[in-house]
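2 protein chains.
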Amino acid sequence: MAIQRDMGKAAAVRRTGEVPRWHHEADVVVVGFGAAGACAAIEAAEAGRDALVLERASGGGGTSALSTGQIYLGGGTPIQKACGFEDSAEEMFKYLMASCGPGADEAKIRMYCDQSVAHYDWLVRHGVPFKQSFYGEGSYTPTDDCLSYSGSELAHPYCELARPAPRGHTVQQEGIEAGSMLMRALCAATEKSGARILVDCLVQTLVLDDAGQVVGVLMKREGAEEYVHARQGVILCAGGFINNKEMVNRYAPLLRKCRFRAASDGDDGRGIRMGMGAGGAAIRMDVGCIVLPFTVPKQLIKGILVNRRGMRFINEDVYQTTVGEAALLRENGEVFLILDNDIFERPFAPAEIAAVEGSVAELEKALAMPEGSLQNTVEVYNRHAARGEDPLFRKARDYLKPLVTPPFAAIDYTTKNSLYTVFTLGGLHTLPTGQVLTPDGEVIPGLYAAGRTTSGLAAQGYSSGLSLADGTFFGRMAGRHAVGLAVPA
Amino acid sequence: MAIQRDMGKAAAVRRTGEVPRWHHEADVVVVGFGAAGACAAIEAAEAGRDALVLERASGGGGTSALSTGQIYLGGGTPIQKACGFEDSAEEMFKYLMASCGPGADEAKIRMYCDQSVAHYDWLVRHGVPFKQSFYGEGSYTPTDDCLSYSGSELAHPYCELARPAPRGHTVQQEGIEAGSMLMRALCAATEKSGARILVDCLVQTLVLDDAGQVVGVLMKREGAEEYVHARQGVILCAGGFINNKEMVNRYAPLLRKCRFRAASDGDDGRGIRMGMGAGGAAIRMDVGCIVLPFTVPKQLIKGILVNRRGMRFINEDVYQTTVGEAALLRENGEVFLILDNDIFERPFAPAEIAAVEGSVAELEKALAMPEGSLQNTVEVYNRHAARGEDPLFRKARDYLKPLVTPPFAAIDYTTKNSLYTVFTLGGLHTLPTGQVLTPDGEVIPGLYAAGRTTSGLAAQGYSSGLSLADGTFFGRMAGRHAVGLAVPA
Numbered sequence: 002m003a004i005q006r007d008m009g010k011a012a013a014v015r016r017t018g019e020v021p022r023w024h025h026e027a028d029v030v031v032v033g034f035g036a037a038g039a040c041a042a043i044e045a046a047e048a049g050r051d052a053l054v055l056e057r058a059s060g061g062g063g064t065s066a067l068s069t070g071q072i073y074l075g076g077g078t079p080i081q082k083a084c085g086f087e088d089s090a091e092e093m094f095k096y097l098m099a100s101c102g103p104g105a106d107e108a109k110i111r112m113y114c115d116q117s118v119a120h121y122d123w124l125v126r127h128g129v130p131f132k133q134s135f136y137g138e139g140s141y142t143p144t145d146d147c148l149s150y151s152g153s154e155l156a157h158p159y160c161e162l163a164r165p166a167p168r169g170h171t172v173q174q175e176g177i178e179a180g181s182m183l184m185r186a187l188c189a190a191t192e193k194s195g196a197r198i199l200v201d202c203l204v205q206t207l208v209l210d211d212a213g214q215v216v217g218v219l220m221k222r223e224g225a226e227e228y229v230h231a232r233q234g235v236i237l238c239a240g241g242f243i244n245n246k247e248m249v250n251r252y253a254p255l256l257r258k259c260r261f262r263a264a265s266d267g268d269d270g271r272g273i274r275m276g277m278g279a280g281g282a283a284i285r286m287d288v289g290c291i292v293l294p295f296t297v298p299k300q301l302i303k304g305i306l307v308n309r310r311g312m313r314f315i316n317e318d319v320y321q322t323t324v325g326e327a328a329l330l331r332e333n334g335e336v337f338l339i340l341d342n343d344i345f346e347r348p349f350a351p352a353e354i355a356a357v358e359g360s361v362a363e364l365e366k367a368l369a370m371p372e373g374s375l376q377n378t379v380e381v382y383n384r385h386a387a388r389g390e391d392p393l394f395r396k397a398r399d400y401l402k403p404l405v406t407p408p409f410a411a412i413d414y415t416t417k418n419s420l421y422t423v424f425t426l427g428g429l430h431t432l433p434t435g436q437v438l439t440p441d442g443e444v445i446p447g448l449y450a451a452g453r454t455t456s457g458l459a460a461q462g463y464s465s466g467l468s469l470a471d472g473t474f475f476g477r478m479a480g481r482h483a484v485g486l487a488v489p490a
Numbered sequence: 002m003a004i005q006r007d008m009g010k011a012a013a014v015r016r017t018g019e020v021p022r023w024h025h026e027a028d029v030v031v032v033g034f035g036a037a038g039a040c041a042a043i044e045a046a047e048a049g050r051d052a053l054v055l056e057r058a059s060g061g062g063g064t065s066a067l068s069t070g071q072i073y074l075g076g077g078t079p080i081q082k083a084c085g086f087e088d089s090a091e092e093m094f095k096y097l098m099a100s101c102g103p104g105a106d107e108a109k110i111r112m113y114c115d116q117s118v119a120h121y122d123w124l125v126r127h128g129v130p131f132k133q134s135f136y137g138e139g140s141y142t143p144t145d146d147c148l149s150y151s152g153s154e155l156a157h158p159y160c161e162l163a164r165p166a167p168r169g170h171t172v173q174q175e176g177i178e179a180g181s182m183l184m185r186a187l188c189a190a191t192e193k194s195g196a197r198i199l200v201d202c203l204v205q206t207l208v209l210d211d212a213g214q215v216v217g218v219l220m221k222r223e224g225a226e227e228y229v230h231a232r233q234g235v236i237l238c239a240g241g242f243i244n245n246k247e248m249v250n251r252y253a254p255l256l257r258k259c260r261f262r263a264a265s266d267g268d269d270g271r272g273i274r275m276g277m278g279a280g281g282a283a284i285r286m287d288v289g290c291i292v293l294p295f296t297v298p299k300q301l302i303k304g305i306l307v308n309r310r311g312m313r314f315i316n317e318d319v320y321q322t323t324v325g326e327a328a329l330l331r332e333n334g335e336v337f338l339i340l341d342n343d344i345f346e347r348p349f350a351p352a353e354i355a356a357v358e359g360s361v362a363e364l365e366k367a368l369a370m371p372e373g374s375l376q377n378t379v380e381v382y383n384r385h386a387a388r389g390e391d392p393l394f395r396k397a398r399d400y401l402k403p404l405v406t407p408p409f410a411a412i413d414y415t416t417k418n419s420l421y422t423v424f425t426l427g428g429l430h431t432l433p434t435g436q437v438l439t440p441d442g443e444v445i446p447g448l449y450a451a452g453r454t455t456s457g458l459a460a461q462g463y464s465s466g467l468s469l470a471d472g473t474f475f476g477r478m479a480g481r482h483a484v485g486l487a488v489p490a
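Residue numbers (the working numbering), protein chains in the order written: chain A, 2 to 490; chain B, 2 to 490.
These aren't lab readings, by the way, just hints derived from the structure by calculation.
Careful: at least some of the hints might be erroneous.
Note that the list lumps identical chains together, so a pair holds whenever it fits in one copy or between two copies.
[To be verified] Straight-line alpha carbon distances no greater than 30 Å define the calculated BS3-like cross-link-like pairs of lysine-lysine that follow:
(1) LYS258 x LYS132
(2) LYS221 x LYS82
(3) LYS246 x LYS299
(4) LYS402 x LYS366
(5) LYS366 x LYS246
(6) LYS246 x LYS82
(7) LYS246 x LYS402
(8) LYS95 x LYS10
(9) LYS95 x LYS258
(10) LYS95 x LYS221
(11) LYS417 x LYS221
(12) LYS193 x LYS417
(13) LYS366 x LYS417
(14) LYS246 x LYS95
(15) LYS95 x LYS417
(16) LYS10 x LYS82
(17) LYS258 x LYS299
(18) LYS10 x LYS193
The whole structure should be built from the sequences, with the hints applied where relevant.
As structure tokens, this is what we get:
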């Protein structure tokens with residue numbers, strides 16, 4: 002899918018005085034046709050308003066279509082109930098407040114938890130298929146199953162702070178790219194809603210009137226500049242900025258080390274820069290979702306993750322984004338997974354074996370770790386694991402087994418040799434209504450944003466499914482608020 | 002010193018059409034009369050322009066006057082030479098590039114290193130006194146001495162990446178608040194330069210013309226609103242934002258844990274928000290300078306810093322801001338300094354003793370650390386220290402001494418019980434000329450910023466003296482560029 006590439010002057014907003022004429026008009030103009038844009042357009046169109054979606058690619062989908070199609074939902078959804086899991090909005094709230102911080106947006110988390118079951122129903126009504134089945138754990142299901150623990154719900158300290166429940170709801174489709182099915186459904190629902198869709202349009206910047214209200218956009222279409230008037234609001238749903246190297250250098254230089262960017266080409270920060278140009282504040286721009294995919298097969302969680310100095314730094318059973326954050330930000334992306342022969346299996350995701358040796362002492366030497374360091378780490382771990390305990394990091398009992406059977410192996414999870422996956426979590430500061438705020442915390446009239454163009458549910462501390470939650474739910478809220486409907490529904 | 006307090010709508014810029022009349026006029030309007038503002042005004046006034054400084058307090062000084070008066074200077078200053086230290090712009094550059102990143106601003110660092118000796122001369126010419134003497138190490142001198150190692154120059158890995166030299170130049174004054182002497186000198190030089198100074202004026206926001214050029218400011222003075230026309234530019238020198246709770250929550254929530262804010266009341270982010278309102282991008286807003294002052298007396302560096310799990314996490318001889326960053330951001334602000342009886346001394350800065358026990362095993366227990374954790378840490382440390390080595394973190398040989406003599410003590414350096422000191426390092430994105438950039442990297446005509454209102458030399462990884470370096474040097478550059486002089490001088 003080709004997209005128009007242009008890192009140019011998105012923040013250089015135009016004034017109405019500079020508009021020769023409006024080439025198009027709509028009540029609500031939605032920039033970007035991923036999950037957030039689709040849901041915003043559907044809500045506005047179903048309210049009887051003229052919604053116009055502008056997409057730079059030749060069709061809808063965006064990064065959402067490339068995702069695993071997992072949406073974080075809970076509080077007692079029909080699927081959770083059918084699979085025998087108890088959940089409540091309150092427990093979900095407690096988990097998200099504990100895991101999405103510090104700096105988590107309490108108002109968004111509260112609204113999302115309270116509305117999660119209704120949001121599930123809305124998705125189903127709009128053709129998104131979910132199978133009534135429980136898969137297990139992880140950020141994706143290789144089968145067409147639905148429910149899984151997609152965060153750190155079962156791990157310390159979260160399991161003590163909130164009653165665990167699986168809340169990852171993967172859209173029904175065989176294979177790990179269920180996002181394509183989600184977007185097939187949402188694109189169809191958008192068309193059905195009556196919203197108009199224009200593709201191959203690269204929105205350049207916003208148009209403001211003299212009072213600072215956002216009243217339209219300037220776009221490039223078939224080589225020409227065209228102005229689009231938005232009578233009730235513009236909703237920016239244009240993704241994050243991981244594919245804009247300069248912005249990453251400027252705001253989040255630590256993320257540069259991750260080799261795999263989970264994003265479509267369109268994630269070049271254009272939406273964020275447009276919003277900033279109109280006076281919006283971008284917040285938490287340093288934060289990324291950093292995935293270190295080492296937990297398949299699950300068996301491998303029985304190993305211990307150590308840094309260059311042979312020291313453990315985390316309970317290995319927390320979610321792989323929490324591990325990724327710690328490994329990259331605290332340990333400089335230089336970590337190894339230590340296994341003994343009993344638990345050894347080849348990791349599912351590409352990873353190299355750094356060393357295999359007959360003893361921990363030899364492994365320590367082969368990894369050029371300080372003498373005694375890894376040996377002491379394994380000694381302390383084993384001593385407690387033998388009693389089913391991990392007083393250092395509190396890995397769950399199921400994964401505790403002394404590492405005693407030679408040979409011992411180290412899997413290389415350094416950024417250099419393995420696939421850290423990353424996308425950005427920072428973006429425009431918005432109210433739960435999607436209204437974009439200035440650095441003073443004032444609402445910018447006529448301007449909305451949703452999805453990865455915003456700082457959303459997870460200020461940091463990601464659980465899988467939160468980006469599609471941000472996109473689908475807060476896209477809807479923005480679409481509703483822009484046309485004067487109640488928020489939440 | 003009373004200041005006008007107002008967290009209000011700094012980003013809500015005015016347009017020239019809204020200006021009833023200009024109450025004041027100047028070539029260059031400088032917002033804030035700390036080190037950056039003084040130096041900007043001096044350069045503009047000495048070029049024969051009409052420079053007007055607006056200060057919210059009743060007199061000049063700002064946070065600079067509250068500081069230790071240490072300026073990071075090098076490359077072979079007269080003081081360095083007189084004290085027998087060799088240095089070059091290149092070695093200084095290598096050190097700053099290694100320590101101020103990732104994300105360090107190479108253009109600023111390059112210019113500053115190349116101009117550092119000339120900048121020293123400029124300061125001396127403008128009445129800033131320095132004594133030709135070497136003090137030692139640290140972020141301040143309790144005496145009136147000048148030179149000290151004020152960063153991690155002597156510590157691993159920096160000592161291997163750049164030839165160490167002391168570059169902290171403390172202004173000559175007895176006591177640790179030499180910043181007051183610096184500002185006495187710079188305020189006098191400002192008056193002498195012919196710049197006009199208005200105090201008790203709270204600048205509210207910027208005034209832009211229809212083309213987006215910054216042409217003035219709106220201020221509140223004696224209860225009335227007054228507009229100030231800036232014919233050649235406005236220079237924002239209004240400090241950081243550590244005293245704006247909402248901004249800290251929004252951009253840098255991790256810094257909330259630090260109990261002591263090294264800042265005057267004026268550091269409420271007003272300058273940054275004004276710049277953002279005019280279209281400027283604020284970058285690295287998550288970063289702070291976090292000081293954990295445990296290295297006086299120096300003897301204490303022979304102890305080992307451990308986290309809640311009894312594990313070391315850093316070489317104890319790096320600079321106290323690097324230790325502070327690691328302790329707060331990686332270890333959640335929960336660290337302890339472990340000492341034996343041979344090296345025990347009471348810390349100079351307030352700190353509590355968490356436990357004193359007859360053995361490391363008992364100390365481990367008293368600190369509720371996992372069984373074996375601290376014991377193994379001390380065992381590995383001692384084994385290598387006995388050979389004069391620290392393969393884990395490479396603390397310098399001088400500080401390596403096995404911890405073997407009971408009783409053993411733990412000093413409490415948790416955020417809860419000790420004085421982590423913090424100020425913000427994020428701010429407006431500027432060129433070395435002081436010109437403020439938009440999110441697209443475009444220059445905003447008429448707008449400059451310097452000092453802690455900007456993201457400066459240290460993207461992170463602070464060394465003491467870098468803020469006064471940012472303020473004095475880039476304040477000067479902004480003043481020069483605004484009136485059309487060459488930058489650098």
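Verification of the hints:
1. In this homomeric assembly, LYS258 and LYS132 never come within 30 Å of each other (Cα to Cα): the closest approach is 37 Å inside a single copy and 45 Å across copies.
2. In the homo-oligomer, the alpha carbons of LYS221 and LYS82 never lie at most 30 Å apart, since the shortest distance is 48 Å inside one protomer and 60 Å across protomers.
3. In this assembly of identical chains, LYS246 and LYS299 lie within 30 Å of each other by CA distance neither inside one copy nor across copies; the values are 34 Å within and 43 Å between.
4. In this assembly of identical chains, the alpha carbons of LYS402 and LYS366 lie at most 30 Å apart whether taken from the same copy (23 Å) or from different copies (24 Å).
5. When the C-alpha separation of LYS366 and LYS246 is checked against a cutoff of 30 Å, the pair qualifies neither within a copy, at 38 Å, nor between copies, at 49 Å.
6. When the C-alpha separation of LYS246 and LYS82 is checked against a cutoff of 30 Å, the pair qualifies neither within a copy, at 44 Å, nor between copies, at 42 Å.
7. With identical chains, the CA atoms of LYS246 and LYS402 are never at most 30 Å apart, being 43 Å at best within one copy and 46 Å at best between copies.
8. Taking the shortest alpha-carbon separations for LYS95 and LYS10, neither the intra-copy value of 41 Å nor the inter-copy value of 34 Å comes in at or below 30 Å.
9. Taking identical chains as interchangeable, the C-alpha atoms of LYS95 and LYS258 lie at most 30 Å apart only when they sit on different chains, with a minimum of 21 Å there against 32 Å within one chain.
10. In this assembly of identical chains, LYS95 and LYS221 lie within 30 Å of each other by CA distance neither inside one copy nor across copies; the values are 45 Å within and 45 Å between.
11. For a Cα distance limit of 30 Å, the shortest separation of LYS417 from LYS221 qualifies neither inside one copy, at 39 Å, nor across copies, at 55 Å.
12. In the homo-oligomer, the alpha carbons of LYS193 and LYS417 never lie at most 30 Å apart, since the shortest distance is 47 Å inside one protomer and 57 Å across protomers.
13. Taking the shortest alpha-carbon separations for LYS366 and LYS417, only the intra-copy value of 20 Å comes in at or below 30 Å, while the best inter-copy value is 39 Å.
14. For the identical chains of this complex, LYS246 and LYS95 are inter-copy neighbours only, at 24 Å across copies versus 36 Å inside a copy, given an alpha-carbon limit of 30 Å.
15. In this assembly of identical chains, the alpha carbons of LYS95 and LYS417 lie at most 30 Å apart only when taken from different copies (24 Å versus 36 Å within one copy).
16. In this homomeric assembly, LYS10 and LYS82 never come within 30 Å of each other (Cα to Cα): the closest approach is 49 Å inside a single copy and 48 Å across copies.
17. In this assembly of identical chains, LYS258 and LYS299 lie within 30 Å of each other by CA distance solely inside one copy; the values are 26 Å within and 36 Å between copies.
18. With identical chains, the CA atoms of LYS10 and LYS193 are never at most 30 Å apart, being 34 Å at best within one copy and 43 Å at best between copies.
In summary, the numbered hints that this structure violates are 1, 2, 3, 5, 6, 7, 8, 10, 11, 12, 16 and 18.
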